[in-house]
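2 protein chains.
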Amino acid sequence: MDDATERTARAGGRRSGGGATRRAERTATHIEFSRFITRNIPNLEILNDEAMEIIEANAETVLQEIGVNFVDNPGALRLWKEAGADVDGERVRIPKGLARQLCKTAPSQFTQHARNPDRNVEIGGKNLVLAPVYGPPFVRDQAGGRRYATIADFRNFVKLGQMSKWLHHSGGTVCEPTDVPVNKRHLDMLHAHMTLSDKPYMGSVTEASRAADSVEMSKILFGDDFVDQNTVMTSLININSPLTFDGIMMGALEVYAKANQAAIISPFIVGGAMAPVSVAGTLTQVLAEVLAGVAYSQLVRKGAPVIFGAFVTSIDMNSGAPTFGTPEAAQITLGAGQLARRLGLPYRSAGSFCGSKLPDAQAAYETANSLNIGLMSGVNFMLHACGWLEGGLVSSYEKFVMDADQLGILHRLAAGVDISENGQAMGAIREVGPGGHYLGSAHTQANFKEAFWRTGVLDYKPYETWEEEGARDTATLAALKVKKMLGEYQAPDLDPAKAEALADYVARKKAAVPDSFM
Amino acid sequence: MDDATERTARAGGRRSGGGATRRAERTATHIEFSRFITRNIPNLEILNDEAMEIIEANAETVLQEIGVNFVDNPGALRLWKEAGADVDGERVRIPKGLARQLCKTAPSQFTQHARNPDRNVEIGGKNLVLAPVYGPPFVRDQAGGRRYATIADFRNFVKLGQMSKWLHHSGGTVCEPTDVPVNKRHLDMLHAHMTLSDKPYMGSVTEASRAADSVEMSKILFGDDFVDQNTVMTSLININSPLTFDGIMMGALEVYAKANQAAIISPFIVGGAMAPVSVAGTLTQVLAEVLAGVAYSQLVRKGAPVIFGAFVTSIDMNSGAPTFGTPEAAQITLGAGQLARRLGLPYRSAGSFCGSKLPDAQAAYETANSLNIGLMSGVNFMLHACGWLEGGLVSSYEKFVMDADQLGILHRLAAGVDISENGQAMGAIREVGPGGHYLGSAHTQANFKEAFWRTGVLDYKPYETWEEEGARDTATLAALKVKKMLGEYQAPDLDPAKAEALADYVARKKAAVPDSFM
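Protein sequences, first through last, are from chains A and B. Per UniProt numbering, numbering through the first sequence is continuous, rising by one, with the last residue being 518. Per UniProt numbering, numbering through the second sequence is continuous, rising by one, with the last residue being 518.
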C-alpha cells in the first residue's frame with residue numbers, strides 16, 4: 001500500500017521562504033494523500049459479445065434513422081453537414097459507422113495536470129480517479145440541518161476535499177453557492193479550487209463565456225504555454241437525454257475542446273423518463289448519445305480529450321423520484337463500461353449516489369452498492385465519489401467524510417492480492433501451527449501496520465466504551481471528523497503573484513457586469 | 001422477474017380442509033416468495049492461475065508438513081491412519097494430494113429439501129441460496145434496545161424469515177434463546193423452524209446428541225425414508241482455526257455425514273489472530289483447513305454433501321475487534337470462491353456482516369460491501385444474509401428487514417441483462433425521439449411494473465412529505481416494517497399429527513434430563 005500512498009508533512013517552502021517555514025513549524029498536522037487507483041483486478045463483464053454487438057448495431061440505427069438534435073447551434077449543424085451527416089432543421093442523422101469513425105481520434109488516456117505535479121491524474125486505462133459530489137443547491141450538516149448552499153459551504157467542501165486522503169480530484173460545483181450571483185458564481189468557485197486545493201479541478205460549463213473564464217484563470221495559475229499544451233481541466237458536459245445536445249452545454253464543450261481541455265460527455269438519464277425502462281434499451285440510447293457527443297468534440301478539434309459518461313438512475317414508479325444503488329443502475333453501469341472500453345474511451349460513471357434524506361443506512365446501502373459496482377465496471381473517472389445526498393439535491397458534510405473513508409476500500413480492493421513470499425506467509429503458518437495464535441508472530445509484527453485498510457470514521461470500539469461515549473451513530477462520529485478536518489486544514493502554498501493575479505481577475509470580471517440571480 | 005417470483009395467496013387447504021379455507025378467507029395477506037438465485041452473470045476472479053497454483057501447492061505443503069489437529073477424537077485419528085495419513089498424537093499430517101483426492105467424492109451440487117417442496121433449494125453450481133443471521137446471544141430493536149435473546153425473539157426471527165420474500169432459507173440459530181437451558185435449546189429452535197416456517201433449515205451442531213435429535217425430528221417432519229434418501233438439513237461446522245478440528249464439532253459432522261445430511265465446513269478466521277495478516281496466507285490456511293475437513297467428511301461417508309466455507313474477518317489492530325466489509329475480507333471471499341470452484345465444491349461465504357452497534361450508515365456500508373462481494377465471488381450458500389449486527393453479537397430486528405430488502409437487489413443483478421426484442425426497446429426509442437419523454441410510451445406502460453427492483457423499506461418520498469411524516473431514518477422505517485410483518489405473519493399449514501409428534505418429541509426429550517445452563 002505504501003507505494004501508492006504518500007505522507008507529506010506540509011510541503012512548506014517549495015516556492016517561498018521564511019513564511020512557509022514558520023507555518024510549517026507552527027503545526028505538526030500531516031496531510032495524507034493517495035495516488036489515483038490503478039486496477040490490478042479484472043472488471044466484471046455482464047454483457048457477452050452477442051449482446052454488445054446487438055446494442056452497438058442498434059445505437060448505429062438510432063443515429064442513422066432517428067438522429068439527434070443539436071439545438072440553437074448553427075455552427076454544430078454546419079460541422080455535421082461537412083462531416084457527411086444528414087442535417088434536417090436541428091435534427092442530425094449520422095450514417096452508420098461515421099460517429100464511431102470520428103471517435104477514433106479521441107485519446108484513450110490522458111493526463112490531467114494539477115498545480116502540484118504530485119497530484120496529476122491519469123484518466124483512462126486501468127486507472128480510477130475519484131472526485132467529489134457535483135451540483136447540489138442545498139447542504140446539510142448535523143448541527144444546521146438542510147439549507148441553501150453558500151460560498152462559505154463551497155469553500156468548506158473544497159477544504160474537506162483537499163484534506164481527504166483517498167480523493168484525487170477537487171471536483172467542480174461541490175455545491176451551488178446560491179448567495180453569489182449566478183453570472184459570477186463560476187469565478188468564486190474556480191478561485192476556491194485554485195487557491196484552497198492543489199488537486200486537479202473542473203471548469204464551468206453553464207455558459208461558453210464561463211468556460212472561457214475557466215481557461216483564462218487556468219492560464220494565470222499554470223501559465224499560458226502550459227495550458228495550451230496540457231490538459232488542466234476536466235469538465236462535465238451533460239447531454240439532454242433523449243438524444244438532445246443543447247447549445248449552452250455544447251458552447252462550453254466547444255471552448256474546452258478548442259483549448260484541448262477535457263470534457264466528460266454524459267447522458268443524464270432517469271430510466272423510464274429520459275430512456276426506456278429496460279437496461280438494453282437504455283444502454284443503446286447511452287451509446288448513441290455518447291457516440292454523437294464524442295464525435296462532435298472531435299469535429300471541433302481532433303484529439304480533444306473526452307470521457308464516455310453515463311449518469312444513470314431509475315425512476316420510482318410510485319413517487320416519480322429517481323432511485324439509486326439499484327440493480328438496474330448497476331447493470332447499466334457495468335454494461336456501459338464494456339461499451340466504453342470497446343470504443344477505446346475513458347469511462348465515467350457511478351458515485352456516492354443515494355436517495356436518502358439523511359446520511360443513514362439507506363444512504364450507505366445505496367452508496368456502497370454504487371461504489372462497488374463503479375470499481376467492478378472499470379470506471380476511470382468517478383464524479384460524485386463522496387458527499388452526495390437526497391438524489392443530488394444536497395451536499396452532506398457528514399456523508400462527504402463517511403464516503404471519502406469508504407473510498408479507501410476501493411484502493412485496497414483494486415490493488416489485488418500480494419502473492420510475494422511475504423504475502424504467502426508460509427513462515428508464519430509454520431511458526432504458529434495448529435491451535436496457535438498469530439498476533440505475536442514475527443510475520444504479523446512485521447506487517448500489521450500496512451496489512452489492513454483502516455477507517456478514519458467508523459467505530460470499532462468495545463460496546464461498553466461506545467455506550468459510555470454516548471452511543472454515537474456514524475453520522476455523529478462523522479460530524480466530529482468534519483470539525484476536526486476543517487480545524488486542521490491548511491491551504492497549500494501558492495505563489496503570491498499568482499494569487500494576486502487570480503484575485504484581480506475575479507474582481508475585474510465581477511465589476512464588469514451587474515449581478516444576476518437568474 | 002416474474003418467472004423467479006411467485007405470489008401465493010396463503011396456500012391453505014393443501015393438506016387439510018375447512019379450517020384452512022376459513023383462515024384463507026379471513027385474510028387477504030399475500031406472502032411473496034422468490035426462488036433461489038441462479039446467476040446469469042460471471043464471477044469476479046481476482047486470482048490468476050499462477051496465484052491459485054501457488055496457494056494450492058502451499059496448502060498441500062501445510063497439510064503434509066505442518067498437519068492439522070483432530071482433538072478428542074480417536075475415531076477420526078483411526079480413519080485418517082487407515083486413509084494413509086501420518087498420525088502423531090492428535091496431529092494428522094496428510095500426504096500431498098490425498099485430501100484433494102478424498103474430496104472428489106463430495107457432490108458439486110445438491111438439493112436441500114424443505115417440507116414445502118416449492119421451497120427446496122439447489123446448493124452449488126450457479127445458484128445462490130440466502131439464509132439469515134446465525135448465532136448472536138443478543139437481540140436489538142428500536143423500542144427495547146440491546147438485550148439477551150429469548151425463545152420469543154427466536155420465534156419472531158423465524159417468522160420474519162418466513163415472511164421475507166428474498167430469503168430462501170430459515171437458517172439455524174437466528175439468535176441464542178438464552179432463557180432456555182443450553183442442553184434443551186436445540187429442541188425449541190428446531191421446533192420453531194419446523195412449525196413456523198416451511199423453508200429449509202439447519203440442524204444443531206453443539207453436541208453429537210443434538211445433531212442426532214435434529215435428524216430424529218426431521219424424520220418426524222419428513223418421514224424416515226425421505227430423510228434417509230434426501231438432504232433436509234444443512235448445518236454449520238466451524239473449524240477451530242488455525243488447523244484444529246475439535247471433537248464436539250466433528251461429532252456433529254459425523255452424525256450428519258452418516259445421515260447424508262449436509263454440512264458447511266468452515267474455517268472461522270479473524271485475520272491476524274487465527275490466520276496470517278496477509279490475504280494469500282489466509283487463503284492458504286483456509287484451503288488447507290477445508291481440504292482436511294471435507295476429506296474427513298468423505299472418510300465418514302463417501303458422497304456426503306458438504307460446502308466449502310470461509311468465514312473471514314480482519315482484526316482491528318487498535319481495539320482488537322473484528323472488522324467487516326473490509327477490502328481484505330473481500331479479497332479473501334473472492335479468492336476462496338475461485339479455490340472452491342477448482343475443488344468442485346459448493347461455496348459458503350459473505351453475509352450482512354458489520355461491526356456497527358446500530359443499524360446505521362456504518363452497518364449498511366459494511367453489509368453492502370459484503371453482499372455485493374458475495375454475489376461477485378460465486379457464493380452458493382450465504383449464511384448471515386440478513387440481520388447481523390455488532391460483529392455477530394446481536395441479531396437486529398430492524399437490520400433483518402433492511403438487509404432482507406437489499407437481497408432483492410442481488411436477485412435482479414444476478415439475473416443479467418434481458419437482450420430480447422422487448423429488452424432492446426427500439427420501438428420505444430423510435431416512438432419517443434429526441435427531446436421526448438418515455439413515461440407515456442407504450443413500452444414503458446407495458447413494462448414498468450416489472451422493470452425495476454422495488455424496495456419494501458427505503459424511502460423515496462418527496463422531501464416535504466418525508467419531513468411532515470417525521471423525518472424518519474431507515475431504522476425507524478424498518479421498525480414499522482417489522483411490526484407489520486409480525487402482525488401479518490401466518491404459520492404455514494402443518495399436518496396436525498406431525499405437529500403433535502414433534503411437540504411430543506420435544507416434551508419427552510426435555511423431561512428426560514435436568515436443565516443445564518452451562
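FYI, nobody ran anything at the bench for these hints, they're computed from the structure. Backbone N, C-alpha and C define an ideal beta-carbon position, used for all residues, glycine too. One thing to keep in mind: the hints can contain errors.
Unchecked claim - Listing some non-contacts, in silico: residues in chain A with all C-beta distances to chain B over 12 Å:
no.: 1; residue: Pro74
no.: 2; residue: Val215
no.: 3; residue: Met274
no.: 4; residue: Gln285
no.: 5; residue: Ser319
no.: 6; residue: Asn422
no.: 7; residue: Lys498
no.: 8; residue: Asp504
What the hints assert, rightly or not - Derived CB-CB ranges, DEER-like:
no.: 9; chain 1: B; residue 1: Leu486; chain 2: A; residue 2: Asp515; range: 55 to 61 Å
no.: 10; chain 1: A; residue 1: Ala143; chain 2: B; residue 2: Leu486; range: 32 to 38 Å
no.: 11; chain 1: B; residue 1: Ser319; chain 2: A; residue 2: Asp118; range: 32 to 38 Å
no.: 12; chain 1: B; residue 1: Ala152; chain 2: A; residue 2: Gln490; range: 52 to 58 Å
no.: 13; chain 1: B; residue 1: Arg147; chain 2: A; residue 2: Gly436; range: 41 to 47 Å
Here's how the hints hold up against the structure:
1. Pro74: 17 Å, holds
2. Val215: 30 Å, holds
3. Met274: 7 Å, violated
4. Gln285: 6 Å, violated
5. Ser319: At about 5 Å from chain B, Ser319 (chain A) fails to clear the 12 Å cut-off, so the statement is violated.
6. Asn422: Asn422 (chain A) is in fact no farther than 12 Å from some Cβ atom of chain B, at 7 Å.
7. Lys498: 39 Å, holds
8. Asp504: Holds, because the least Cβ-Cβ distance between Asp504 (chain A) and chain B comes to about 41 Å, which exceeds 12 Å.
9. B:Leu486 - A:Asp515: 55 to 61 Å: Roughly 59 Å apart at Cβ, these two residues keep to the hinted range, so it holds.
10. A:Ala143 - B:Leu486: 32 to 38 Å: Between Ala143 (chain A) and Leu486 (chain B), where Cβ atoms are some 37 Å apart, the hint holds.
11. B:Ser319 - A:Asp118: 32 to 38 Å: 33 Å, holds
12. B:Ala152 - A:Gln490: 52 to 58 Å: Since the Cβ atoms of Ala152 (chain B) and Gln490 (chain A) sit about 56 Å apart, the hinted range of 52 to 58 Å holds.
13. B:Arg147 - A:Gly436: 41 to 47 Å: Roughly 36 Å apart at Cβ, these two residues miss the hinted range, so it is violated.
Of the numbered hints given earlier, the model fails hints 3, 4, 5, 6 and 13; all others are met.
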